[in-house]
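Asks: Sequence:
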Amino acid sequence: MNPIEQNSCQLFNTGRFNDIVLAYVILSMRNARTPQDEALKLIDALGHNLDSMTAEQALQHYRAGING
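Going by the working numbering, the first residue of the sequence shown is number 184, and it counts up by one from there.
Simulated from the structure, these hints should not be mistaken for lab results. Here the structure is a predicted model, which is why all the values come from computation and not from measurement. Even for Gly, the Cβ is constructed at its ideal location relative to N, Cα and C. Be careful, since some hints might not be right.
[Stated by the list, open to error] Beta-carbon label-pair distances, calculated as ranges:
1. L223 <-> Q189: 21 to 27 Å
2. D220 <-> S191: 30 to 36 Å
3. I209 <-> M236: 19 to 25 Å
4. E221 <-> L194: 26 to 32 Å
5. N196 <-> L225: 35 to 41 Å
6. S191 <-> K224: 24 to 30 Å
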């Protein structure tokens with residue numbers, strides 16, 4: 184991870200952007216016409232992930248899924 188990415192992760196880890204991420208997810212689900220029960224499950228999972236792992240960990244899991 185390069186220094187710029189590390190700095191971005193440190194800033195994201197403060198939680199200051201959680202509401203912004205949530206807003207984008209909700210807007211995307213509305214645009215995709217995601218059923219309410221599925222949307223609630225996704226929002227719950229997002230909240231859990233935001234609370235339980237760092238931005239660095241999330242990126243590692245995401246990149247492993249893309250590449251592996």
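Asks: Can you tell me whether the CB distance of L223 to Q189 sits inside 21 to 27 Å?
Replies: Once the Cβ atoms are compared, 34 Å apart, the range 21 to 27 Å for Q189 and L223 is violated.
Asks: A range of 26 to 32 Å was offered for this pair. Does it hold for the Cβ distance of E221 and L194?
Replies: Holds, at about 30 Å.
Asks: Do the beta carbons of S191 and K224 sit within 24 to 30 Å of each other?
Replies: For S191 and K224 the Cβ distance comes to about 28 Å; the hint holds.
Asks: Is it true that the C-beta distance of I209 to M236 lies inside 19 to 25 Å, as the hint says?
Replies: holds, 21 Å
Asks: Should the hint that D220 and S191 are 30 to 36 Å apart at their CB atoms be regarded as holding?
Replies: holds, 33 Å
Asks: Is the gap between the beta carbons of N196 and L225 within 35 to 41 Å?
Replies: Since the Cβ atoms of N196 and L225 sit about 21 Å apart, the hinted range of 35 to 41 Å is violated.
Hints 1 and 5 from the earlier list are contradicted by this structure; the remaining hints agree with it.
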